[in-house]
Structure formats: C-alpha cells, structure tokens
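Enquirer: Protein sequence lines, in the order shown, are assigned to chains A and B. Counted from 1, the first sequence has number 392 at position 397 by the working numbering; the numbering is strictly sequential. Count along the second sequence from 1, add 3, and you get the number used in the working numbering.
The set of hints was computed from the structure by calculation and includes no laboratory data. Virtual Cβ for every residue (Gly too), placed ideally from N, Cα, C. Just to be clear, a hint being listed does not mean it is correct.
Stated by the list, open to error - A short list of chain B residues far from chain A (calculated; beta carbon distances all over 10 Å): (1) Leu23; (2) Met159; (3) Lys165; (4) Ile310.
Said to hold, decoys possible - List time: in silico DSS-like cross-link candidates among lysine-lysine, alpha-carbon distance up to 27 Å: (5) Lys24/B x Lys598/A; (6) Lys293/B x Lys89/A; (7) Lys33/B x Lys167/B; (8) Lys24/B x Lys546/A; (9) Lys24/B x Lys465/A; (10) Lys546/A x Lys289/B; (11) Lys386/A x Lys120/B; (12) Lys33/B x Lys543/A; (13) Lys36/B x Lys41/A; (14) Lys131/B x Lys583/A; (15) Lys75/A x Lys289/B.
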Amino acid sequence: MATKTKTKTKVEIEHLVHHEHVQDHAHDDDHEESFVSKYIFSQDHKMISRQFLITAIIMAVIAMTMSVIFRLQLAWPGEKFAFINALLGDKWGKDGILDPNMYLALVTIHGTIMVFFVLTGGLSGTFSNLLIPYQVGARDMASGFLNMLSYWFFFVSTSVMLVSLFIQDGPASSGWTIYPPLSALPEAIPGSKLGMTLWLVSMAIFVVSSLLGSLNYIITILNLRAKGMTMTRLPLTIWAFFVTAILGVLSFPVLFSAVLLLIFDRSFNTSFYLSDIYIGGRPLDNVGGSPVLFEHLFWFLGHPEVYIVLLPALGITSEVISTSSRKPIFGYRAMIGSILAIGFLSFIVWGHHMFMTGMNPFLGSVFVFTTLLIAIPSAVKAFNYITTMWKGNIQFTPAMLFSIGLVSSFITGGVTGIILADSTLDINVHDTYFVVAHFHIVMGLSAIFGMFAGIYHWFPKMFLRMMNKKLGYVHFWLTIVSAYGVFFPMHFLGLAGVPRRYYTNSAFPMFDNLVDVNEIVTYFAIFGAIAQAIFLFNFFYSIFRGEKAPKNPWKSNTLEWTTPMANIHGNWPGALPVVHRWPYDYSKPGNESDFIPQTVPLKEGELDGGSH
Amino acid sequence: MSLLVLLAIVLLIIAGHQLLKIIELSRSLKKTKEWQISDTDNNLMGKAMLLFMFLFFAFFFWQVDRWISRSLPPAASEHGVKIDELWDANMYLITVIFLITNFFLFWFAYKYRGNQKNQAFYFTHNNKLEMLWTIIPAVALAIIIIFGLKYWNEIMDDATDKNKITIELYAKQFDWSARYTGKDGKLGETDYRQISGTNSVGMDTTDIFGYDDLIVKNEFHIPVGRQIELLMRSRDVIHSAYLPHFRAQMNCVPGMITTFKFIPTKTTAQMRKDPYTIKMMDGINKQRAKFNEEPVDFDFLLLCNKICGASHYNMQMNLVVDSEEDYNAWIAKQKAVKVVAIK
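The following block holds chain A by itself, in its conformation from the complex (with noise of 0.2 Å):
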C-alpha cells in the first residue's frame, strides 16, 4: 500500500514537472498531428475559432437568405418568384408564393441563427477563442479539450437546426421567442410538431456548448495572464469577453430550464406553462401553468443575451478605433467601469419586454426604471469612443470602417430605445416594426459590424494572410448604406402601426399606403445581400491567396501580434512574454515610434498609462 501511494505521488510531481515544461517552452516542432486532430478534433484555440468563424458564416448566408425571401413576400405579397418555389418546393412555395406557415418559419429561424449561431456562436466563439489566449498571453486556453468540445456541441446543434429546415411539417415557426401555448401546442401551428421539438433539442445542446466555452474563457483570464499582465492592464477585448463569458455562465442555464420545462409541457403532459385551453376541437387537461412563466425565463436570458451578443462587437471596436486612430482609448478605466454596469444592470431588466404581456403594471415600473439606468454606460461607450477619435491621426483600414459604423448604429438604434424603455410608450409601438427597426439596428448591426471589424483587423492573425483592402472598402459602404437603407425606413412602418410577424400588411385597408416604404426595404435588402458576396469572396480568397501578412500589420501594442506569422502550438516559441505596460500606448509623447507594445518595459520615471 504505501509502495502504491509513493508511486503514485511520483507520477503526479513528473506530470507538474512537464505542465511547467510546457508552461515555460512551447513544444512545437516535436507535436505530431494528424489530420483529425489538427483540423477537425482540434484542441488549439486558433483552429477552434477559425471552426468557429466558418461555421457562422455558412449559418449567416443561410439566414440572410431567408430574410431576402421573406423580404420578396413582403414588398411584393401575392407576386410569383420562380426561384422561391425551386428553393421551397410545391409545399411552401407553390408557384413561387411563399406559404404563409412557411413565412413564420423563415422570420423564426432566420432570428434563432442570427441571434444564436452568427452573433454568439460566431462573435464570441471566434474572438474569444482567438484573442484570450493570444492577448492575455497565454500558451493556449485552461482546457483545450472543453474548448474542442464546445465547438462540436456548437456543430451539432447547429447541424440539428439545419436539420429541421427538411421535415414534413417544416421548421418550428412560432417567433425566435418560441412563446407558448403556441410553440407547445402541434394544434396550433404546423412548427410547433417535430420542428419545434428539433429546436428545443438544438437549443438545448447550444446551452452545453456556450456554458463549455465560457467557462474556458473565465478561468483562462483569470488564472492565465502572462506576467504582469493586471486585471488593469488588459486589452478592452478581454473585458468584454470575461463579462460577456459570466453573463453567459449565468443565464444561459435559465433559457436551458425555460426550454426542458417546455419540453416536458410538449411530451410529458405537465402544466408549466399551459392552462384553461381549448384547441383542436377539445378542452386540454392542463391547469394552473402561465406562459407569462414562460416569457420571464426567456427574457432572464433573452436580455443578457442582448449584451452577449453586443460587448464582443464593442470590445472589439474599442481596440480597433484606438489601434487606428493611433491614440489611447479615452476613459480606460470608465470603459472597463461601464462594461461592468452593463453587465451587472442587464440582469435586472428583462421585464421591459414584457410591459404588455399582463405582467403586473408595478413590476413594469420597476424595469423601466432599470432600463432607463442602463442607457447611461451606454452613452458613456459612445462618447469615449468618438472621443478616441478626436485629435487622432486615423487609419482607415476597413476595420476602422466597420468599427466607425458600428458607433453610428450603436447611437442610432440606441436612442429609440430610450423610447421602448418607457413603458408608456411601448403601449403603442410594442411588437411593432418600430422594435424591429430599433433591435435590427443597435443589436444587430452593430454586432455583425463589430464582427467584420474583427474579421478584418484580426484576419492576418488567423490566416497568416491580408484581406484586400479595396475590396473592403467597397463592401463597407455597401453594407453601411444598405443596412440603413433596410432597417431605418421600419420606424416610419411602427410609427403607423403595423405589428411585425405579419405574412403581408395587406389584409386590410389600413397599410396599403405604405406599398413603397416596404418595396424600398427589400431593394436595399437585396441590394446588400449581393454586397456580401464581395465580403465572401475577399475572404475565402484571401485564405488561399491573399498577401502574406507581416508580423504586426496594424502597428497594435497588444501580445498577440508578438509571436512569430505561423499558427505554431503553444502561441509563443520561446518563453511567454511579460507585460509592462497597459495596451493603449498609441503616440505617446517622447518616444519614437506612435506605438509602444506591451512587453517593452516602462522607461525611468515613465508612468502607466492606464495607472493614473
């Protein structure tokens, strides 16, 4: 027995011998890998957010085809499109009009993938994935095998949804909100059969994935920051992605309960959310259960999941509009400060989706009152960063572009949130166009323009290979203009009434004077869904044969630009390297050159720069 422990105890001293081995030099030439391990079951951080990155762009062409389609129906109700019925069949799309269950599917899914797949999936499971280990200076993530597997969970969950686009009664279509009865009953809508429980399913192995990743990413930049890398010396980007990690630690598990209760309510009978119901011709047996339930579990995530979504796309831009404007970011300590308050109130407001939904009208004050507060660090985000910009010496590289872009929607779509926060005001306009117009805009433009922000800026990392510049360009104003062109014109549809989720506004009198306003959304809809294809192209090329990229193209101070041009295992070939120096010193004065890195130690007598 003692024989036994003293081995034991031998095994366990050699194997923290080889962990600080590892810690010390990265064995990279010496690691054979095989295909599968390098490619597909890989557990390297940079492979892991390059799945990542591909995976959410197949799943946002698909969504944003959706959209042209359900747009087509939209500006054109009633007219035949030869290519709707070779897309959908004679089933959905019978001489080329689009099926009105088919529609509800189209506007379902098309939220779940963008919301799920492209903007958490894909934001965060790429930049995380890509940036923590590289700028907090680390070999690779805590655990590289949780990190493998929350990218298959992603994979698979994803391939379930996709799944659901080809059975017989079609997808689930019952709003990306899923709100029983409707999502619960198959009575009720042809979705709410085997597509909604493929959803429930896919939703629920989402949950695992995220919750994988974003443990990985708290305990990596807690525990694996290179020496002398503070809490206050690290980058904007790791910020926002440790905020946005624990708010989904914290929330995602509500949305995975919200969804197995509405499971059981489905296959097992039980009352949760369902009561007083008669559908189908008969009285259901249940009692006693709420959908308002329901709608309170969602939003405790479906409101953090807004944030999720945003604080990669501003950490990112907060990085990319210093490192361009070749300035510090203004208010370094205010933006980690408004991060956190942001983080912190996004929990206490999800009942400001829910002012009409029979929720007691006290409780709605209460949230309008925590909304409100919540426009406050976000105005402060605003201002710190056209402050950046100000007296700056800006480098319009297409990531400053989009990155630019994403301040304007931020502010756009922001300010009509002030609005929605008011219950009084939300009377009117809730589940109107107005929302569509404002969550389009401040959620979902400004998070897809923080996303090409990063692919742009970070890409040479990634692949080892510049975009094309011109082609860039080209595709901002494109996508800047369209954008604005789909999404503004949807207030003046919410300011006349018109609720969202209808198949067409022409079952009544009442909308037919806004033919043009939604004729004019489906151009630019169009219109910027071919945009995308310069952006594909660009990007798809540019891995195979873009120009080789130099070591830090962008003349950026933070760590990951330090290691050598080669996706080398262990980041770094020799030892880590060590921090000296907050990562925003852009044209500080006195010094040569208009940027100093992070692993050059301070000179004599030379302050911090985010230390005072």
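We have chain A; now place chain B onto it with these hints.
Expert: The following block gives chain B in isolation, referenced to the frame of chain A:
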C-alpha cells in the same frame, strides 16, 4: 439554353481566374503592399465619411418628409393624447441626440483622417469630461422616467368610473369576439371546458349573470366619452389586442384575464372628417386605385399583435365609436346569447 448559361458561367470563371492571376503578378512587382493604408486612402475615406454623413442625414429628413404623414392619426382617446405628447417630446430629444452624436462621429472621422506627417494627441482620460457626460444623460433620463411612470400609473390603474362600460374581448385563432354585459351590468362566468359550437366563448351555463350577455363578431361598437374597460381572454394561444388609434394594447393570455381601459374622444364619423385622416385616406385610396380596389373610408380597427399562427396577419375586427344615442340604438338591436345549461 441551360447549356449556354453553363458555358457562360464556366468562361466567366476562367476569365476571372486569369484576371486574378494578372493582379497577383502585378502586385508582387509593387513596393507598397495593397493592404497598407496610404494618405490617399485616408483622404478618400475621410471625405467619404463626411459625404456619407450628409447623405445619411438627407435620407433621414427625406423619410420624415415623405412618411411621417402616414403615421397613425392623432390619438382618439384621452390617455392617448398624453402618450402622443410624451412621444413627441421624447422623439425630439432623441432626434437631436441622434443628429449631434452622429455628426461628431463622422466629422471627427473626416477631420482627423490620417496623415503621415501628423501625430495623434496622447489623451488618456479626463474626469471632468467623463463626469459631465455621465451626469447629463442621468438627469435627462430621470426626467423621462418621472413623466413616463406618472402616465403609466394613470393608464394602468383600475377602471373605477361608475359610468364605465365593460366589454370582454375574446381571442381565438383567428378571430375576435366581443361580449357585452347586458342589462345586469355583469359578465357571466366562463369555463373553457364548456366551449362548443353553440357556446363559442365558453360561457358557464350555470351562471345566471351570463344569460343576458351579448356577443358580437366582425364589428363592435363603443360610445364616445365613456370609460371603456376591456377584459381580455384567449381560447388557445397568446394573442394581443392592439387598438393603435387609441394607443391601447394588451396581450390576451390563456388562463388569465388581462385588462386595459380607455376613454374614446372621437367618434368614427368625427375621425372621417378630421383633415389629417382625410389626407391619409386619400393616400390609401390612391394606392388602392393602383391595385384596382374599391376606395374605403376610415375605420377604427382591432388587430392581433402577437404571433398566433398562419393567419395572424388577418386577425382583425372593426370597431365603431358612436355617439351615446347611436350606441344605445345599436346595443338594443343585439340579441342575448341565451346559452342553455347542459343537464
């Protein structure tokens, strides 16, 4: 035909491939790299930013000019007028913020466009400035919150007017019905298990208060100037009773009774003579003429505003606001439902 198309595509791909090769070759001869940002780039993009700002603002004002007159007509209810006032005040405020902040954003992008000779100003933070733009939004928001909540509490308060009229709106896939109390002033109890072909809203047949209740479909009437208390129920899924002209909305949730109250201030006839409405209906009828459809007159409408299934887009009921006399005449013509107790 399809063969020709295929051939064209193949040729196009080959041509594109050759073009790319030429570009790649020429780029390896150049000294500066394609991706590097030159002063020319910065100049061009900086000016483009400014141009975009002007176009963006022009687009904004063009839309307002063209479409604001197609917004809902001025509110036809007492609380709606207050909502409209608050709405306008908020709208002006956010429009100003929207224009100013976007202006600074794009103006700075233009003004501080990069140049190799320039150096950026090292400016890490300024506590006074940051306090300023924390406090200003905080004060502005406090004012918004105070007014908003004051109105909210009034609007959502219980209907207490002695003279009120209580109407139940009953939603099901995909139509509405309205139930009036009848002479006793009380709605009968309901029980969803008793729903049948002859008892569509599920009246409890053992409750005598229900015997004189009136149920109408397709169109319902209310008198002007009286407090209307709406009680809302749903048979199957969540619906939302949306009365946009009155600035009124509330979800109809299975298993719950939700409420909303309002006082209509204009009759349908008055609305039809309102200059704003006349202009709006002109626009609507012009568009209808293009579709070869009959011209229509203004009507109040109850819409469903919560996704409820395939025909969600067509779940509607007309609402007529009458003078007191017209209303009394109309309600006298309605017949009680007379549900018979099942023995």
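Enquirer: For which of the previously enumerated hints does the structure constitute a violation, in increasing order of number?
Expert: 1, 2, 4, 5, 7 and 10
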